[in-house]
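The primary structure of each chain is shown beneath.
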Amino acid sequence: MADLPKADELFKSINYTPPSTGWMDTPVDFSPGNWCYPAKVDKLEYLGLPNPRVWNPEDVDWKLPENWQDIVHEGFKERLDKYRSLKVFMDVCVRCGACADKCHFFIGSGDPKNMPVLRAELMRSVYRKDFTMAGKILTTLTGSRVMTEDVLKEWFIYFYQCTECRRCSLFCPYGIDTAEITMMARELLTLCGVNINWIMEPAANCNRTGNHLGIQPHAFKDIVEFMVDDIEEVTGKRINVPINEKGHEVLFITPSGDVFADPGIYTFMGYLMLFDHIGLDYTLSTYASEGGNFGLFTSADMMKKINGKMYAEAKRLGSKWILGGECGHMWRVINQYMDTMNGPADFLQVPKSPITGTVFESAAQTKMVHITEFTADLMKHDKLNLDPTRNDHIRATFHDSCNPARAMGLLDEPRYVLNNVLKNFHEMPEQTIREQTFCCAGGSGLNTDEIMEIRMRGGLPRGNALKSVQEEHDVNMMACICAIDRATLIPLSNYWAPGVDVCGVHELVGNALILDGEKERETDLRLEPLPGKEG
Amino acid sequence: MNALYSLVLVFALVLLALFGVETAHMAKLFGTVLPVVAVAVFLVGFAYRMIKWAKSPVPFCIPTTGGQQKSLDFIHHNKFDNPVTTGQTFIRMVLEICCFRSLFRNTTVGLKDGRVTYASAKWLWLFSLLFHYSFLLIVIRHMRLFFEPIPAVIGFVEMLDGIMQIGTPRMYMSDVLIMVGVTFLLARRLWDAKLRYISLVTDYFPLLLIISIALSGIYMRFIAHVDVVAIKQLTMGIVTFHPVIPANVDVSFYVHIFLVCTLLIYFPFSKLMHAGGVFLSPTRNLPNNSRIKHHENPWNDPNIKPHSYEAYEDDFREPMIEAGLPVEKDA
Numbered sequence: 003m004a005d006l007p008k009a010d011e012l013f014k015s016i017n018y019t020p021p022s023t024g025w026m027d028t029p030v031d032f033s034p035g036n037w038c039y040p041a042k043v044d045k046l047e048y049l050g051l052p053n054p055r056v057w058n059p060e061d062v063d064w065k066l067p068e069n070w071q072d073i074v075h076e077g078f079k080e081r082l083d084k085y086r087s088l089k090v091f092m093d094v095c096v097r098c099g100a101c102a103d104k105c106h107f108f109i110g111s112g113d114p115k116n117m118p119v120l121r122a123e124l125m126r127s128v129y130r131k132d133f134t135m136a137g138k139i140l141t142t143l144t145g146s147r148v149m150t151e152d153v154l155k156e157w158f159i160y161f162y163q164c165t166e167c168r169r170c171s172l173f174c175p176y177g178i179d180t181a182e183i184t185m186m187a188r189e190l191l192t193l194c195g196v197n198i199n200w201i202m203e204p205a206a207n208c209n210r211t212g213n214h215l216g217i218q219p220h221a222f223k224d225i226v227e228f229m230v231d232d233i234e235e236v237t238g239k240r241i242n243v244p245i246n247e248k249g250h251e252v253l254f255i256t257p258s259g260d261v262f263a264d265p266g267i268y269t270f271m272g273y274l275m276l277f278d279h280i281g282l283d284y285t286l287s288t289y290a291s292e293g294g295n296f297g298l299f300t301s302a303d304m305m306k307k308i309n310g311k312m313y314a315e316a317k318r319l320g321s322k323w324i325l326g327g328e329c330g331h332m333w334r335v336i337n338q339y340m341d342t343m344n345g346p347a348d349f350l351q352v353p354k355s356p357i358t359g360t361v362f363e364s365a366a367q368t369k370m371v372h373i374t375e376f377t378a379d380l381m382k383h384d385k386l387n388l389d390p391t392r393n394d395h396i397r398a399t400f401h402d403s404c405n406p407a408r409a410m411g412l413l414d415e416p417r418y419v420l421n422n423v424l425k426n427f428h429e430m431p432e433q434t435i436r437e438q439t440f441c442c443a444g445g446s447g448l449n450t451d452e453i454m455e456i457r458m459r460g461g462l463p464r465g466n467a468l469k470s471v472q473e474e475h476d477v478n479m480m481a482c483i484c485a486i487d488r489a490t491l492i493p494l495s496n497y498w499a500p501g502v503d504v505c506g507v508h509e510l511v512g513n514a515l516i517l518d519g520e521k522e523r524e525t526d527l528r529l530e531p532l533p534g535k536e537g
Numbered sequence: 002m003n004a005l006y007s008l009v010l011v012f013a014l015v016l017l018a019l020f021g022v023e024t025a026h027m028a029k030l031f032g033t034v035l036p037v038v039a040v041a042v043f044l045v046g047f048a049y050r051m052i053k054w055a056k057s058p059v060p061f062c063i064p065t066t067g068g069q070q071k072s073l074d075f076i077h078h079n080k081f082d083n084p085v086t087t088g089q090t091f092i093r094m095v096l097e098i099c100c101f102r103s104l105f106r107n108t109t110v111g112l113k114d115g116r117v118t119y120a121s122a123k124w125l126w127l128f129s130l131l132f133h134y135s136f137l138l139i140v141i142r143h144m145r146l147f148f149e150p151i152p153a154v155i156g157f158v159e160m161l162d163g164i165m166q167i168g169t170p171r172m173y174m175s176d177v178l179i180m181v182g183v184t185f186l187l188a189r190r191l192w193d194a195k196l197r198y199i200s201l202v203t204d205y206f207p208l209l210l211i212i213s214i215a216l217s218g219i220y221m222r223f224i225a226h227v228d229v230v231a232i233k234q235l236t237m238g239i240v241t242f243h244p245v246i247p248a249n250v251d252v253s254f255y256v257h258i259f260l261v262c263t264l265l266i267y268f269p270f271s272k273l274m275h276a277g278g279v280f281l282s283p284t285r286n287l288p289n290n291s292r293i294k295h296h297e298n299p300w301n302d303p304n305i306k307p308h309s310y311e312a313y314e315d316d317f318r319e320p321m322i323e324a325g326l327p328v329e330k331d332a
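Chains as they are written, first to last, in our numbering: chain A, 3 to 537; chain B, 2 to 332.
No wet-lab data here; the hints were simulated from the structure.
Model, not experiment: these values are computed from the prediction.
Please note that the accuracy of each hint is not assured.
In the PhoX-like style, the derived pairs of lysine-lysine whose C-alpha atoms are separated by at most 20 Å in a straight line are [what the hints assert, rightly or not]:
1) 248/A with 354/A
2) 239/A with 535/A
3) 14/A with 113/B
4) 330/B with 317/A
5) 131/A with 53/B
6) 330/B with 248/A
7) 354/A with 294/B
8) 354/A with 317/A
9) 155/A with 131/A
10) 65/A with 155/A
11) 535/A with 425/A
12) 79/A with 138/A
13) 155/A with 42/A
14) 84/A with 56/B
15) 65/A with 45/A
16) 113/B with 138/A
17) 45/A with 306/B
18) 53/B with 8/A
19) 84/A with 53/B
20) 195/B with 14/A
Chain A on its own, in the form it takes in the complex (with noise of 0.2 Å):
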């Protein structure tokens, strides 16, 4: 982050005026910065995906296939016979422009290929020209141009410059999502082997290892020793964590960031704890050791190879149903895409909470629930044993992750969690929460470090009112449910709202969880001394 301006400079560099030249005749800027590092030849050739080789967006000739624009155009033709989304969506836009400043990426970079209508129009443009009859004969009149390689370099920058977060959806007045637009165009480009390596590479490691990180089966366990020692460490109490064994009720699916990586690691030991105090008959599993689905921002096929290995791994096991952990993009799948793609999963029973006996009949069909579904109801129900005091040094505010937030509806569930184990809750401002909130801008595989820049000024509406709840409520602790919030969100807060820090929501549970036979804890997860109990 050696070359990233400072907070208020790069507030001060937002300009809404738009250049003086039209969009189409604006050249795009290839400097290093303004893309992601293109995917490595080895990770597109196991993943079996075309046009593997070396090249570089800040060169001109990127390597294309000759026939490129026969196979975009083939792409396109598919696409829209396949998805009515894509058609209604590429013909209806008045460009009323409502859109226009509810991109993250818009607000804190100004550039107008930021707003999601003009995002879209850099496809519109094209099937205009080649799929609409007006926009065969009057160009210019109808703005439609031709596909050039100068397009196709535009699409890859602007349509890898957006998370796919679906706020611009929410105000459409029909509804127009740009993610769909979005994931049309990265599956165009990955047609042509114009693709990032941040996004191919998980998908490899989640085709080969299970999980985006890479991480193998006999490293995964001793991690999750780890995490029991330091369990241990905190609570006195040394719990039993099953792996890849048959015959349990439940499977457990999370993240691999949860496993992996500070601060998700303490989500993970929230998990474990919350499963060994009330008895959960459950397991991991190495093989299906990835919630988050890299294969969404690739192409669909890809997000139903991968997201395949939860039901199988869940009959393998002989488990009756799955819980799903805290992650964005995972659930965006699980909720609009799994079922549909690699279901019906009849070897699977209706959830049914076995500490309280609720049904829970929301997640009848894909038989999955969320966390934060099952953790409410247990507190519903008066199961946990819970000390909110150990979370008094915490003064929380929640991130709605936009995929929960805005394909599914997952609002209540988190804040119902936090308000049972914390004292000290405020909520950001509403323009920025539930089905309004703001994306941490690293979504989608982009939470990759070459785009710094990019990230930290998608992040500005975040981290804004981040610093608002900070100054008016001294607020410390952003919890979130989306592991790659957790990753994205720590740089973001430390450059807009630094003194804030991130957290799961079962981190927090971990923390008030009495587990039996404990002895009187002195640190939290973190191993940090509670209030009071200090030295």
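Dock chain B against the given chain A, drawing on the hints supplied.
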């Protein structure tokens, strides 16, 4: 520039009608033939576009959710922003189509004192609503020209529309409001630099066309004082397929009807099809019940299978055994 092109285009249309009727004496073409063609193009074109959209499947259930999902009993479910049943989804669509629900949320962003600010911006919602409802009222009022006897409901709408009883002939509120609405939409497009930047000729053209239709209508009523009886003779002639061209119809009528015909013909090929498309938007017209009910993807490829557990274990068997993890096959 795009606005100017559109303006020139609309002027050209007006002139075309003026000369066509006054100089070239093609009243029959402008008064009867063209309207029939225009209505046919509109109906066939509209249906064609709708069918074309409907032919593409909706493989996945992808509603944009705007509120709390249906989950546990003690958590309040937001039924109309996050519907799970057909009935709830229907109400969501009614709110969307009749009340412009999503646009109602609109906010505007500003930068002030080192902060991003959000202000409510319901202007677009308000003026769009004014515009669309005035348009609807005007269309209903005009239906009196195509019915004999005139259905009571049309007379009632007309009575309500002129209830303020201002001037002679009585002023219709819808005439005023449509001009207010459409002028706002145009002014906003010209004024806001962001919007000007994204606006195409095809964004200005329909606005200017509708303005000119409204103005020509107002001109006919208040300045030219056209012979309504003669016009009704003409319109009834079209409806009954016995076209007549009455003698004393003012040329402004032909300008008006020509512009309307242009709008009807232009409609199915343009963004105006948002009127039909909004019904087919998969992010709005689907319930959020994909975790509860099965949705079928007609092109779901059964050959796409996950990397199998067997292949995974083959890859990692030795270290798994060493770590004490259960395996299916011994080494």
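Going down the list of hints, with the structure as the test:
no. : hint             : in the structure
1   : 248/A with 354/A : holds (19 Å)
2   : 239/A with 535/A : holds (19 Å)
3   : 14/A with 113/B  : holds (10 Å)
4   : 330/B with 317/A : holds (17 Å)
5   : 131/A with 53/B  : holds (18 Å)
6   : 330/B with 248/A : holds (14 Å)
7   : 354/A with 294/B : holds (17 Å)
8   : 354/A with 317/A : holds (17 Å)
9   : 155/A with 131/A : holds (18 Å)
10  : 65/A with 155/A  : holds (12 Å)
11  : 535/A with 425/A : holds (18 Å)
12  : 79/A with 138/A  : holds (16 Å)
13  : 155/A with 42/A  : holds (18 Å)
14  : 84/A with 56/B   : holds (9 Å)
15  : 65/A with 45/A   : holds (17 Å)
16  : 113/B with 138/A : violated (44 Å)
17  : 45/A with 306/B  : holds (19 Å)
18  : 53/B with 8/A    : violated (51 Å)
19  : 84/A with 53/B   : holds (12 Å)
20  : 195/B with 14/A  : holds (19 Å)
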